[in-house]
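Q: Residue-level listing of the chains:
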Amino acid sequence: MAQEGVESGLTWEVRANSRHYHKPKQKNSFMCFRWGRYADNLVRSYKYSPLTFLPLTLFEQFQRVANLYFLLMVVLQCVPVISSIPWYISIIPLFTVLSIRALKDLVNDMARRRSDSWINSRPCDVLISQSFNTAQWKDLFVGDVLRIRKDQVIPADLLLLCSSEPHSLCYVETADIDGETNLKYRQALSATHNELTSHPSEEALAAFDGVVLCEEPNNRLHTFRGQLHWRGECLLLDNEHILLRGTVLRNTEFAYGLTIYTGADTKILRSCGKVRMKITRMEKVFNKVVIGIVVSVLMTALLLAIGSGVFSAWLMNDLGVMSVLVVDSNPVYTGFLVYWSYIILLSPAMPIILYITFEVIHTVHSQFIGSDLEMYWQPADKPAQARNTSLSEELGQVGYLLSDKTGTLTQNHLLFRQCCIAGEIYGDASVRAEDTEPMDLSWNPFSRGGLYMSAPSLVKKLRGQECPLSRQFLTAMSLCHTVMAEWKNEAPVYQAASPDEEALVCAARELGWVFLSRTRDFIVVSELGVTRQYQLLALLDFTSQRRRMSVLVREPEGGLKLYCKGADIVILERLQKDFPYLERSETALELFSQACLRTLCVAVRSVPEASWEQWSKILAQSAAMATCERDALLEKLYDQMERELQLLGVTAIEDRLQEGVPETIALLQQAGLKIWVLTGDKKETAVNIGYSCKLLDSDTRLLEWQELRQILQSPDPVVSFFKGRQTELWAVDKGRTEGKTAIVLTGPELAEFDQRPDWGTTFMSLAAGCQSVLCCRVTPGQKAEIVTLVRKHTNSVTMSIGDGANDVNMIKTAHVGVGIAGVEGGQAVQNADFALSQFRFLQRLLLVHGRWSYRRISIFLRYFLFKTCGFALVHIWFGFLNGFSAQTLYENWFIALYTVFYTSTPIMLLAFFEQDVSSESSLRWPELYKIGQRQELSSPLLLSLSLLHAVYASLIFFFIPCGVFYNTAFDYQTMAVTVSMAATFTAIIEDHPQQQTF
Amino acid sequence: MGKAKVKSGPLARRPDNSAFKQQRLPAWSPMLTANTVLPFFYFMALICMLLGVWLLLTVQSTQEMKLDYTEAGSCNLCYIKRQNASNAAQSCTCSVMFSIQKAFKGDVFFYYGLKNFHQNLRRYMDSRDDGQMVGRKRNLKNPSSYCQPFDKDQTGVPIAPCGAVANSIFNDSFTLSYHQPGSYRVRIPLLRRGITWYTDENVKFRNPKTENLTLAEVFKDTARPLYWQKPVYELDPDDPTNNGFINEDLIIWMREAAFPNFKKLYGVLNRADEVFAKGLPAGNYTIDINYNFPVQYFRGRKEVVLTTLTWFGGQNHFLPVAYLVTSSLILLLAVVLTVIWWKFGKAGKNMQE
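Just so you know, the sequences run in chain order A and B. Using our numbering, you'd call the opening residue of the first sequence number 197 and step up by one each time. Using our numbering, you'd call the opening residue of the second sequence number 7 and step up by one each time.
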């Protein structure tokens, strides 16, 4: 059996109910040795254990050049013959830096441990010796049979064996995996369903001894391949039989499953990106500066050492007290020692304390973000939150914003706003949803509110039985869907696969056509109080190719009706000829889409009995066919049925954007950000949203895959792109000089990029010329890949914003990840660097806080360079007058405390509070933001200017007092104090021209 | 944030609406325009100019007499003698004549100066034991390792005071006399006490506790520094309280100079004498020098300086000149800016948003 599995690549073997088989093979590790095959069901997101904490945190910290350098300095200072300043002078700042940082890491890790242990100790029911016992998640093993209750989160990847529902169907919500809130059904194999539900379930399940052979653990969320060997049969398993960890069981009392993958092997954990340390660009600049300083210190020290050697040689020529001071009477050796002494002496040029100060400033900036009233969302009582406190200046440099759609741009809350029945438009979308006059629906006992459409005339027509078309329209709305009704408190609560359907069904309910319940064969609807039962003959389901769905029902009166709803293009081409209201309906469609509403056409067809019988026969035959043949046949069959339609009307649904989204997007675009939308949604929806949030203008040309591919394949892509764009524009609109283009891509198309890595660069250069890029139908992994693509081919800072678990990957991958604390659970926020409640807060986060933060920190960095270098360079000049003997010009404690105490406060205050322009002006002139994107304030030019400034200042510090004290009775100490004071006062006063406020 | 947790209710986590948290602290943001900057430049130029002129006048009012006696007059012989280290023990005296054209009014300070003597070498400056100097007996017997190789003599007896600094003490002594017109030479009285810093004399330099012993007994088991002719407790034969580590010449020498060219105070004119009550009168003078300190080996020079002081110190033209130069640079810049402003920027277009 196993042999057979190996051949087909199915090497993961799971035996049901046999812990004794799996337990010895459990994964284990000691230090760095690992063995075993099956992971346990523990989540470990923490990094340190008590044993590894110290080495790991030190290792991480000494990856920073400055820390390592200072460690070296401390070591050097312990050698008495070269220590120009005592050892404690360097170790104090170094120790402070290390311990503060380690403490911070420790606290963070403790928090992670707490949240891990909370997840790991969640309860679930495990079948142990014929009865279900409650166990914790962490105690699960591969091969265990579990019972999942309604609304429980599934603790591991399971093979669905059976459920409490007929046909062992069960419904799961995958919001935490792909962000889609609709329910998906999973069905058990008929073999397991039949055998395991017929007996009392515990006994049967305990006796279940099937063996599952399947793929090794992988991160493909939507595929599964495996076999179940049971009772001598070999049954094929696919994705439909699998319940994934992290999904939630809905509408199903119980489901029983066999654990296949646990813990780290589960698909959701496998597809989670690796935790990576985010290093800001500023830090990278800083690291470069540090390396530059080290190199120049080494070079300078070398020159000074040579000078010292020469001077010593000169001393050697004479007899006298001084010559004894030449070590071993060897000028070369003296020079060698002086070299190290100078390295120590010049080491204060390296601003080690900058790291701590950096962190303090970051923390304060994060506090400011958290305490901003303008980013506080009152309805949910949620202020903005900076979860990662070390990225605040990165917010001021963002060049690419990659946004999720549902829940981020939109509220994920759909409203039925308008409809057009028989050419008549009801409702008015130009008024805001909240401002619509509520209609009097007191006659309807099922009314629950939530209809933002004011059309008393429609209600009158419906109740007065005047217009048969409108009655049929509503019947269609209440029948043609896949919504499920659940009765709670004497009223149906709708569980919809898509929010659109829910909005439609709810609207129908408000208007009197109440969908009451659905069974396998019947749909019960109350039409203005009259309960009618429709027999459901066929459900022609929705696919993204068909872009329509239909139901074929037998009316209580006996007639056959096909109700169909779908995208306007597909429905309109299937209409009967000479439909009277067609023209007016088309105008209505145009009106609706201009108002950024999602439109659907609703149509009906009376099906003759004879044609139904024939059709159903073929349909029955098709069930026996192989998959791919069947799909083609069904396509044809459905097409046959959905023709000769009679248009009933058009619905217009508002996928309500969050407040202020179009304004925010417009503002951010003005600020020079490229905004991309990555969504798992359909292409149409994404494009629609693009229009409604002003990401795309009505005259924007959409560049789709076919065309894009041609451009990419052409020898000179950018040229042909622009050429194509121009000719097109020439034809369409001569007046407009600036072309607007947006690229629309879908997931499968993006997958092609994997095979053609050379396209990445071209694509990015194309995208740079485009208004926006929309990526639809992308998986969480692909979202992250897109972020990686952008990161790889541009040197801009990327920011991802999302709200669902499906956005976690991209949030983690981007330079800055923002989580919207929305409806879809907390996963995104948990993994984000910043958490906001509303998309529109982004403008303040970026344009105000980000810009300030970037500015403050750049000024701070430059000033710090000036301060420390100006301070340390004095020693070089002094060297010329003291025979290059590495004599310090400062008191020891002054060196230790200069950066820490004497000069730190003014610049800290500056770095906390500096505002070059007020927050209002920042928002009014978003162009100011571009300074950050171009990194103007931290450019090499400005940095070297600061260094030059430091050199200049150090010359003044040294040579003015030198001129005054040369050949006078003033001693070394007076000189030292004078120069120290000069350095300190200059550092403090120099701070003020840098700042413009305070 | 502690405060926020105390709150409860629906708006528990609402941030405080304080000026600090909302970053609305009052701020002053100067608008730099030509109308404010140019007057500021002129003003600064004026201030610097006034300061420079004032300092210059102050400096000019001092009087100074410098005399390089390294090879001057009869000292030439001593100079040659000191070239040979083997003659170190032999004494050598010489005298140099000089004259003052204009009387020095007020207090007159007598300095000795050295040129090209690097008291600021790191290993030289470190070569001392401050613990010994404050009178710690332990350090007296066990000098710090920093003093090496001047911590113990060849027989292993600890040196007091140890180290290169003390060892190389400037040991010339001077006697200044005035040729009273038509009369005999008058020895000019110099105050040799009270010329150190207060903290040096009373805190940083202390003799070891004597406990009824004489100073010589306290220093019994120590050797004098290699180059010294007298032990530390016999530095000043005239004044027994000026011996040991608190000898003022030693203290002054131990306060190291920052640069290779420096002066150190030797004494102050005692104006108690009627002849010198107003300072030094014009006329001829002689310095008798006990020439001990060798300067050949570091190619140095020795000099004596007589000077009067103002609040600003001695005759040093550097700072007044620096002020005047700065002033003229600022003025030049201001004029250039004014011209630019007059020609191009007067309309203020560039400042308008």
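The set of hints was computed from the structure by calculation and includes no laboratory data. The C-beta atom is built at its ideal place from N, Cα and C for all residues, glycine as well. Just so you know, not all the hints are guaranteed correct.
Beyond 10 Å from chain B on every Cβ pair, some chain A residues (computed) [claimed, not checked]: (1) Gln257; (2) Phe337; (3) Leu511; (4) Gly868; (5) Asp1167; (6) Tyr1168; (7) Gln1169.
Pulled a few chain B residues facing chain A out of the computed Cβ check, cut under 10 Å [stated by the list, open to error]: (8) Asn23; (9) Lys121; (10) Gln125; (11) Lys158; (12) Gly162; (13) Lys215; (14) Glu217; (15) Leu219; (16) Val274; (17) Arg277.
Q: Now tell me if each hint is right for this structure.
A: Here is what the structure says about each hint:
1. Distance check on A:Gln257: its Cβ is at least 27 Å (rounded) from any Cβ of chain B, clearing the 10 Å threshold; non-interface status holds.
2. Once the 10 Å rule is applied to beta carbons, A:Phe337 is consistent with being away from chain B; the minimum gap is 42 Å.
3. At the 10 Å boundary, the C-beta of A:Leu511 falls inside the reach of chain B, the nearest C-beta of that chain being 8 Å off.
4. Its beta-carbon lying about 19 Å from the closest one in chain B, A:Gly868 satisfies the requirement of being farther than 10 Å from that chain.
5. At roughly 5 Å from the closest C-beta of chain B, the C-beta of A:Asp1167 falls inside 10 Å, breaking its exclusion from the interface.
6. With a least CB separation of 4 Å from chain B, A:Tyr1168 falls inside the 10 Å interface cut-off, contrary to its annotation.
7. Its beta-carbon lying about 7 Å from the closest one in chain B, A:Gln1169 breaks the requirement of being farther than 10 Å from that chain.
8. Interface hint at B:Asn23: satisfied, since its Cβ lies 6 Å from the closest Cβ of chain A, which is below the 10 Å cut-off.
9. Taking 10 Å as the C-beta contact cut-off toward chain A, the hint placing B:Lys121 at the interface holds, the least distance being around 8 Å.
10. Interface hint at B:Gln125: satisfied, since its Cβ lies 7 Å from the closest Cβ of chain A, which is below the 10 Å cut-off.
11. With its C-beta approaching chain A no nearer than about 14 Å, B:Lys158 sits outside the 10 Å limit, and its interface hint is violated.
12. Taking 10 Å as the C-beta contact cut-off toward chain A, the hint placing B:Gly162 at the interface is violated, the least distance being around 18 Å.
13. At about 27 Å, the closest approach between the beta carbon of B:Lys215 and any beta carbon in chain A exceeds 10 Å, and the interface hint on this residue is violated.
14. Because the closest C-beta pair between B:Glu217 and chain A is about 32 Å apart, greater than 10 Å, the hint is violated.
15. Taking 10 Å as the C-beta cut-off, the interface hint given for B:Leu219 is violated, the closest approach to chain A being about 31 Å.
16. Contact between B:Val274 and chain A, as hinted, is not supported at the beta carbon level, the nearest pair being about 12 Å apart and thus beyond 10 Å.
17. Contact between B:Arg277 and chain A, as hinted, is not supported at the beta carbon level, the nearest pair being about 20 Å apart and thus beyond 10 Å.
Hint violations for this structure: numbers 3, 5, 6, 7, 11, 12, 13, 14, 15, 16, 17, all remaining hints satisfied.
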